[in-house]
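These protein sequence lines map, in sequence, to chains A and B. Just so we're on the same page, our numbering is the position in the first sequence counted from 1, plus 15. Just so we're on the same page, our numbering is the position in the second sequence counted from 1, plus 10.
Treat each hint with caution, since some may be false.
[Stated by the list, open to error] Quick list of the computed label-pair ranges, beta carbon to beta carbon: (1) B:S171 <-> A:S169: 23 to 29 Å; (2) B:T103 <-> A:S169: 40 to 46 Å; (3) B:P96 <-> A:H33: 55 to 61 Å; (4) B:V158 <-> A:S169: 23 to 29 Å; (5) A:A28 <-> B:V67: 54 to 60 Å; (6) B:H173 <-> A:A28: 39 to 45 Å; (7) A:A28 <-> B:L284: 48 to 54 Å; (8) B:S171 <-> A:N198: 29 to 35 Å; (9) A:Q241 <-> B:L92: 52 to 58 Å; (10) A:N121 <-> B:H140: 19 to 25 Å.
Derived from the structure by calculation, the hints contain no laboratory data. Just so it is clear, the structure is predicted and the values come from calculations on it, not from any experiment. Built from N, CA and C at the ideal position, the CB exists for glycine as well.
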Amino acid sequence: MLSLENISVGYDATDVLHGVSISARPGELTVILGANGSGKTTLFKTISGLLRTRSGTIEYNGQTIQRTRANAIVKRGIAQCPEGRHLFGKMSVEKNLRLGTYPHRNRIRTEEILHEVHDLFPILKEKAAHPAGSLSGGQQQMVAIGRALMSDPSLLILDEPSMGLAPLVVDQVLESIAQINRNGIGVLLSEQNAKASLSIAHRGYVLAEGRVVLADDADKLLDNPQVQAAYLGL
Amino acid sequence: MTLFTQQLFNGVALGGVYCLAAIGLTLVFGVLRIPNLAHGALYMLGAYVTYFFLTTVGVPYVAAIGIAALILFVLGVLLERLVFHPLRNAPHTHHMIAAIGAMFFFQSVAQAIWGADFRRMETPISGSLHILDAEISAQRIVIIVTAVVVLALLTWFIKRSIHGQTIEAIEQDRTGAALVGINPAMVSMLTVGLSALLVTIAAGLVAPINLLSPTMGDSLNLKVFAIIILGGLGSLPGAIVGSFALAIAETMTATYISSAVGEAVAFVVLVAVLAIRPTGLFAKAVQR
Ligand SMILES: Nc1ncnc2c1ncn2[C@@H]1O[C@H](COP(=O)(O)OP(=O)(O)O)[C@@H](O)[C@H]1O
Ligand SMILES: [Mg+2]
Chain A
16 MLSLENISVG YDATDVLHGV SISARPGELT VILGANGSGK TTLFKTISGL LRTRSGTIEY
76 NGQTIQRTRA NAIVKRGIAQ CPEGRHLFGK MSVEKNLRLG TYPHRNRIRT EEILHEVHDL
136 FPILKEKAAH PAGSLSGGQQ QMVAIGRALM SDPSLLILDE PSMGLAPLVV DQVLESIAQI
196 NRNGIGVLLS EQNAKASLSI AHRGYVLAEG RVVLADDADK LLDNPQVQAA YLGL
Chain B
11 MTLFTQQLFN GVALGGVYCL AAIGLTLVFG VLRIPNLAHG ALYMLGAYVT YFFLTTVGVP
71 YVAAIGIAAL ILFVLGVLLE RLVFHPLRNA PHTHHMIAAI GAMFFFQSVA QAIWGADFRR
131 METPISGSLH ILDAEISAQR IVIIVTAVVV LALLTWFIKR SIHGQTIEAI EQDRTGAALV
191 GINPAMVSML TVGLSALLVT IAAGLVAPIN LLSPTMGDSL NLKVFAIIIL GGLGSLPGAI
251 VGSFALAIAE TMTATYISSA VGEAVAFVVL VAVLAIRPTG LFAKAVQR
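With the sequences and hints as input, model every part of the structure.
Right, here's the structure in full:
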């Protein structure tokens with residue numbers, strides 16, 4: 016269980032997140048909806064330890080983690096596939112994936128997860144020897160998701176994985192995310208595509224200008240007139 | 011022709027030394043994003059520590075280099091931790107001033123212990139070999155062989171072992187590296203330590219040919235900076251090619267023109283590259 020209590024975060028003098036409280040239950044798929052600039056990336060960077068909270072607490076499985084460094088947070092089981100992917104562009108796809116195992120470096124587990132990642136994204140097996148930077152946007156997104164999975168996480172954070180992808184690829188990526196979740200990994204996903212993401216989610220939050228304005232079960236949010244007006248164009 | 015072959019071998023041996031010195035510097039630049047101006051001082055200390063173990067303690071030559079390399083590795087780790095790490099978020103000029111401070115500190119330490127006079131490290135490896143029509147001193151053969159072996163090991167470490175791969179991971183994407191659980195602070199220490207280890211091997215190998223003095227690192231500093239700028243900052247292949255290119259150019263100029271001009275080649279290269287192609291010859295490998 017991940018729970019954020021009343022956290023405030025900012026880059027300079029002003030805060031970007033204002034007293035945000037969010038939780039993600041184990042094994043569930045939680046989606047964060049929000050327009051550009053609403054604070055989704057800031058929120059995820061803070062969870063992963065790339066940014067510090069100014070107030071509030073973050074707990075994962077009962078332990079406080081808001082002072083923990085990014086590299087140690089992965090070891091606790093929270094992996095992130097970040098916005099912009101942040102792949103090692105000149106390294107091969109295979110090396111990118113194998114570096115993902117850095118937190119555990121367990122040989123047997125590595126081969127098992129690599130197998131699962133190849134099942135999920137067969138193209139990555141085909142492109143194993145290619146530099147990650149030479150792949151198409153959709154394929155790079157798969158490498159990024161795969162690399163995060165290689166750390167054997169209990170919670171996978173995905174920051175707008177469909178950003179900049181062709182609609183057909185978006186469907187494919189969202190379907191693999193649903194599959195990852197069905198395999199038992201908790202997912203925390205940020206999206207602007209409300210309909211597609213809520214339909215695979217258990218719970219959802221709507222973020223606006225750094226505040227949570229709605230929080231509910233995913234199916235209820237799909238029926239919510241506010242969400243429909245803002246995100247579904249109804 | 012004999013002279014040419016002879017000098018070509020000398021150039022290659024010198025290139026091996028430059029290579030061991032330049033690679034560490036370029037790695038440090040790739041990871042810490044700073045030019046370590048104290049690199050030449052680490053080279054000088056490496057030479058003196060090797061000299062100490064060889065002549066004062068009396069261990070065999072290869073062991074003396076090995077011990078010195080390990081000691082300098084630790085010193086490199088400390089330099090990163092105590093000097094560069096606290097300044098990691100400070101402006102670049104602070105780094106450079108700190109590095110120059112470290113350089114003067116190391117030179118003073120060497121002068122306090124070993125004095126300012128030149129010292130000679132006796133050639134433990136004597137004899138020479140006839141290759142083609144040239145006579146090559148055994149010391150130079152040892153330099154070339156060691157450089158090749160060390161470069162092969164280093165390449166294996168960086169490309170194949172997961173700990174070595176963290177160096178390139180940090181160079182290519184810092185955020186990505188942190189998100190896969192790599193600790194940038196550890197990698198920075200490892201990289202500066204490794205650069206000090208490599209430059210010590212270079213120093214130990216070349217010390218019997220040159221003289222030791224507390225300022226012996228200054229001219230090397232200039233040359234390795236010329237090399238890594240020539241090769242493109244942060245580029246490994248660039249550093250290797252740049253090392254041999256500069257060494258051979260330097261040796262040939264010294265032979266056929268004059269030794270003073272040979273020494274100046276590095277400056278000429280530096281100025282020319284900065285004027286014509288400031289990103290270096292291997293710039294492509296550095297971008298992205
Ligand atoms: N590095 C930064 N420095 C200063 N302000 C930032 C930075 N990154 C984001 N912001 C600001 O924080 C707010 C939230 O941005 P972000 O978290 O990226 O939102 P989202 O991911 O929902 O698009 C925006 O107003 C943005 O301008
Ligand atoms: Mg964002």
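Here is how each hint holds up against the structure:
{"no.": "1", "hint": "B:S171 <-> A:S169: 23 to 29 Å", "verdict": "28 Å, holds"}
{"no.": "2", "hint": "B:T103 <-> A:S169: 40 to 46 Å", "verdict": "45 Å, holds"}
{"no.": "3", "hint": "B:P96 <-> A:H33: 55 to 61 Å", "verdict": "33 Å, violated"}
{"no.": "4", "hint": "B:V158 <-> A:S169: 23 to 29 Å", "verdict": "47 Å, violated"}
{"no.": "5", "hint": "A:A28 <-> B:V67: 54 to 60 Å", "verdict": "59 Å, holds"}
{"no.": "6", "hint": "B:H173 <-> A:A28: 39 to 45 Å", "verdict": "40 Å, holds"}
{"no.": "7", "hint": "A:A28 <-> B:L284: 48 to 54 Å", "verdict": "40 Å, violated"}
{"no.": "8", "hint": "B:S171 <-> A:N198: 29 to 35 Å", "verdict": "31 Å, holds"}
{"no.": "9", "hint": "A:Q241 <-> B:L92: 52 to 58 Å", "verdict": "56 Å, holds"}
{"no.": "10", "hint": "A:N121 <-> B:H140: 19 to 25 Å", "verdict": "54 Å, violated"}
Taken one by one, the earlier hints fail for this structure at numbers 3, 4, 7, 10, listed in ascending order.
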